[in-house]
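A.B. asks: Construct the complete structure from the given sequences, taking the supplied hints into account.
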Amino acid sequence: MTRFSASILARFVGACALAASAVSASAQLSEVTVAYFQEWPTANQVAQLEKTYDQRMGVKVNWRFFANGNEMAAAMASGQVQISYSQGLVPFTLAVTRGVPLKMVGVAVAYGEADNCVVSKASGITKENAKKLEGMKVGTPIGNVTHYKLLRMLSHLGVDASKVNLVQMNGADAAVAFARGDIVMGCAFGGPMLRMKETGEYLMTAAEQQAIGIRVFDVISVTEEFMTKHPQLVQKFMDVTNEANIAYAKNPAEALPKIARASGMKIEDAKRIVDMFAFPTKEQQASPAWLGGSVQKFTKEVADFFVSRKQIDKALPSYDHAITTQFLK
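Converting from the sequence shown to my numbering requires adding 76 to each position, the first position being numbered 1.
Hints in this document: simulated from the structure, not taken from any laboratory. For clarity, every value in this text was computed on a predicted model and none was experimentally measured. Positions of the beta carbon are idealized from the N, C-alpha and C atoms, including for glycine. Any given hint could be a false lead.
Computed beta-carbon distance windows for the label pairs [unchecked claim]: (1) T357 <-> K208: 26 to 34 Å; (2) A143 <-> G175: 20 to 28 Å; (3) G155 <-> G289: 15 to 23 Å; (4) G368 <-> G234: 14 to 22 Å.
Subject to a maximum C-alpha distance of 30 Å in a straight line, what follows is the list of computed DSSO-like cross-link-like pairs (lysine-lysine) [claimed, not checked]: (5) K312 <-> K376; (6) K312 <-> K136; (7) K386 <-> K207; (8) K136 <-> K342; (9) K376 <-> K203; (10) K197 <-> K347; (11) K197 <-> K273; (12) K326 <-> K342; (13) K312 <-> K326; (14) K326 <-> K405; (15) K239 <-> K213; (16) K136 <-> K326; (17) K405 <-> K312; (18) K197 <-> K208; (19) K203 <-> K239; (20) K386 <-> K373; (21) K405 <-> K136; (22) K213 <-> K390; (23) K312 <-> K347; (24) K213 <-> K273; (25) K312 <-> K213; (26) K273 <-> K239; (27) K376 <-> K386; (28) K373 <-> K405; (29) K376 <-> K390; (30) K405 <-> K390; (31) K273 <-> K334; (32) K347 <-> K326; (33) K213 <-> K386; (34) K305 <-> K136; (35) K305 <-> K376; (36) K127 <-> K342; (37) K197 <-> K376; (38) K390 <-> K373; (39) K213 <-> K197; (40) K305 <-> K208.
C.D. replies: Shown next, in the form of structure tokens:
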């Protein structure tokens, strides 16, 4: 009887061990997918190219490029993407407003001139006579930072946005349409914006936009499920990113060729864009100027602005729940 009980106990313990092993194995991730933009050169792409993220996180990191931040949010909602690097604040805000369980864990990059609206020189339209845009075709990605900037500029310049023919176009498509003369103005970021600038002019410069309160930056976001189940992977991703930002600040010339290669750009074009960028350190990001308070307030302002322009039905009372500094300390 004693031997029989011991045998059953041994089998029970063995079964438990196997079950625990299976649970542990299922809990372990073998790979993580990170969303990013091509032709958008950022300091962390040295670590992307050299697979530093893979080494430090202990998983295979798949980098999947998207045309806009709304597509990133949709992929995160479906479980295809766990982390979005340099997702626009507007797509993040709109996704959270719709109930998509995302968390902002950092600021990827702050920028001004690198995202803008370019008007055709041949059109003769400037900020002084911007009302001429009414009735004309303008290409822009809808529901992202570029779209937000466009609406703010039109409002400031006295243009009725409802009378402008806004056509959904991602950056590359806008650049092609602009070159053909299909649109009088194109709004984009990175490489496509540079291509349009060759034959066009900014509707408003970054300094002019900042003067009227337009603040532009991209965020690092993760799904709540991924953050809850794998906080150590989020922390390692943030640590590697911060180290890459610091390394770039110390020696940008050495990093630039790798950044250009990872972003799919010529070195000279990548330099033109990245020179317009600022990469806040984790200490700066955790401060009141960023995720320590200011970003929460600005996110609410962005959402309220889209409500006022009837782009969304309503905003949330607060966006504090969707923003955390726990990985910046």
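A.B. asks: Any of the earlier hints contradicted here, and which numbers?
C.D. replies: Hints 1, 3, 4, 25, 30, 37 and 40 not satisfied by this model.
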